[in-house]
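Please model the entire structure based on the sequences and the hints provided.
2 protein chains.
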Amino acid sequence: MADMTNSRIRPETLHAFCVAAMVKSGLREADARITADVLVTTDTWGTFTHGTKHLRSYLRKARAGGIDLQAVPELIGEGPAWALVDGNKSMAMAPSVMAMDLAIGKAKACGIGYAGVRHSTHFGAAGYYAAMAVEHDMIGLAMSNVDANMTAPGARGSVIGNNPFAYAAPAGEEYPIMLDVAMSAVAAGKIYAAQALGKAIPENWLVDDDGLPATDIRDYPRVGSLLPMAGHKGFGLAVMVEVLAAVLTGAAVTKQVRPWLGPTIGELTDEGHAFIAIDIGAMMPVTEFKARMDGMIREIRGAPKAKGSDRIYLPGEMEWERRTDALANGIPLPPDVLASLQGLAEDVGLEGL
Amino acid sequence: MADMTNSRIRPETLHAFCVAAMVKSGLREADARITADVLVTTDTWGTFTHGTKHLRSYLRKARAGGIDLQAVPELIGEGPAWALVDGNKSMAMAPSVMAMDLAIGKAKACGIGYAGVRHSTHFGAAGYYAAMAVEHDMIGLAMSNVDANMTAPGARGSVIGNNPFAYAAPAGEEYPIMLDVAMSAVAAGKIYAAQALGKAIPENWLVDDDGLPATDIRDYPRVGSLLPMAGHKGFGLAVMVEVLAAVLTGAAVTKQVRPWLGPTIGELTDEGHAFIAIDIGAMMPVTEFKARMDGMIREIRGAPKAKGSDRIYLPGEMEWERRTDALANGIPLPPDVLASLQGLAEDVGLEGL
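Note that the protein sequences, when read in sequence, are chains A and B. For what it's worth, this note's numbering labels the leading residue of the first sequence as 1, then goes sequentially. For what it's worth, this note's numbering labels the leading residue of the second sequence as 1001, then goes sequentially.
Every beta carbon over 10 Å from chain B, so not counted as near; a handful from chain A, in silico:
hint, residue
1, 7
2, 15
3, 26
4, 72
5, 88
6, 202
7, 222
Restricting the straight-line Cα-Cα distance to at most 30 Å, the calculated cross-link-like pairs of lysine-lysine (DSS-like) are:
hint, chain 1, residue 1, chain 2, residue 2
8, B, 1307, B, 1199
9, B, 1307, B, 1190
10, B, 1190, B, 1255
11, B, 1190, A, 305
12, B, 1307, A, 190
13, A, 307, B, 1255
None of these hints come from the bench; they were simulated from the model. Virtual Cβ for every residue (Gly too), placed ideally from N, Cα, C.
Spelled out as C-alpha cells, the structure:
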C-alpha cells in the first residue's frame, strides 16, 4: 500500500487498480475506465456503500454469468429529444454513461433530453450520472428501479424496489446541488451495517413478514421489507421511478427484477434506468442561473440554526467537501472497502492496492 | 341549492357557478372555464383543500391587487422541446394549463418537453396538470415552489416552501397512476384543520421558532415551520422543485416568494412552476406500455396484505374512485367548502349554488 498516507489512498491509484482488475477479468479497457470513474468518484464523495466496494461483487457476478463483460450496449431507438439504450447484460456503468451522454446531447439540441436503459443491472450511485449534466451546465436527473425490497402502505412483504433517484444542478462559486436518495426510510446498506455489528435497528426501518416493525434483522434480506420514506409519498415516488426507468424502457418491472446477488447472481437483473438532462443555457444565461443558485444556497445556509445545530448543509454539500478533501489528501477508505478490494485482488490475481 | 341530492352537487353545476363568479369579477370567460375545470376536477378527486374552496380567496386576492384578472399569460421563449411562459400576474391556472399544453406539444414533436412559468401565483393542485398529459397518452410531471413555510435539517424557522410535486401516467383498464405530494411531512392544510377544531398535532408535523416540536399551533403560520418529509430527503426534493420551477424560470426563489394570503394578499406571490411531458408512443407502442402498467398495478394490488389491512391502494386510485362516484352521484362537498362558496356568492353578488 505504497501510495497510502494516513490510511488514505490516492484516487488515481484506486482508479488504476480497478481498471486493472476489470481488464484482467475480460472487460474492454474503455468500459473499465468508465466503470472505475463511476466507482472512484462515488468513493471520493464518501458514499462508500456504492463505490469500489462493490467491484468485487460485480466481477463475481460476471464470472457467474449475470453480467456479460463482452457485451456492448446498443442504441436501439432515438428521436429529437429521446433515446433508448439496450444494456445487453453489460456492466451497467457503460450503458448508463452512454445514456446520460445521449440525454445531454439531446438537451443541447432541444432544451431537454430523456434516455432510458433496459436489460441492465446495478449501476452504482445514481448521483454520478446526475452530476455528469452539471459539467455541461445542465440540470441532471438519474434513476433506476431495483429488485422489490420495499413494502407499501397496506402490504405485507416487498412489492417494489426502494428505487434510487438523484438530481444535480450547477451553482456558481458554491458547490453544485446534488441529492441521491432511495425511496425507503433508510437504504438497505444501513441494515447490513447494523447486521454486521449485531446492532438493533429503529422501528421505522423494516417490517417483518407480517408487516410489523422488525427489530430482529438476522435473516434480512431473506426476511423483512424496507419501509418507504414518508409512507405513501415514498411509495408513490418509487412507482414514478418504476414507470420512467422500467415500464417505459422495456426493463423488468417490480417482482420480475432479480436481486443482483444471492441465488440469482448468475442471472441478468434486468433493471431499467432513466436519465433526463435540461439545458440551462437554452432558457436563461448560465451566469444568471448560477448567480441565482448561489443566492439561494447562501440564503439557506445563512438561516438561523436550530438549537444544537451549528450548520445547515445544502444537498450534496457534504459530498463535495469530502471530494475536495479526497482529491487533495487521498480517499479515507473504510476497512470494509479495503477488505473487499484485497479480496478482489486475490480473486483476479492482482497484487492488491 | 336546487341541484343537491344527499348534500351532493353536480360537477357541472359547481363549474357553472365558479365560471359565473369569475366572469362577474372581470375574468375572461375562457380563463374562467380553465380555472373552474382545475378546481372542480380537484374536488371530484376529493382533494377539497385545493379545489373550489380556494376560489373565494383567489378573487379576494384579485380585488386586493395580488392577481390581475385582465392579465394575459405570455409565451416569452421556446425551443424544440422547451417553452417559458410569463404569467404576468394572471390567475395561475391559465398560464399553468398553457404551459402544460406547450410541454405536451413539444413532447409530441420531440419525445419529451419542459415548460416553465414565472410571475405566477397559487396554481391549485399540481396533480391536475400532471393528469393533463395522461389524456394524450403521456407521462406528466408538475411542480411549483411556494412561499418558504418549511424548515431544513439544522435550521430554525422556514427556509424553503413545502413545494408540491405531482406526476401521472396512463394505464390500460386500470385507473391512471397519479401522485400529488408536498415535501413536508404533512400539508399546511392539515394544521389549519387541527387549528379550526382546536386539536393537538403529532410531534413530527411542525417546529416552533426554536426548531423544537410544536404542539401549540394557535399562532400558526405566524409562528411555526413545517418539517420536511423524511428529513434531508424531503428537504433535498424541495430544493429540486425550487431549481426546476423557480431558479430556472426567473420566478422568485425561497424567501422572496410572498405568501398568497395574509398581509401580502395584495402582492404578486411570484411563484414559478415547471411542467414536463414524456410521449410514451415515441418509445414504445402505447398499448404495450398500458398493458405493462396494468400488470404492475395488479401485481402490487394483489400482494399479501399487512395485518389489519384489506387493501393496497395504488397512487391516485382513491382519487379516481372518488371521481367516478362524483361524476355519477355528485360531489359530496364538505361544509367548509360549501361555506366558502356561499361567502363567495355574497362577495360577488351571485345567488349561490
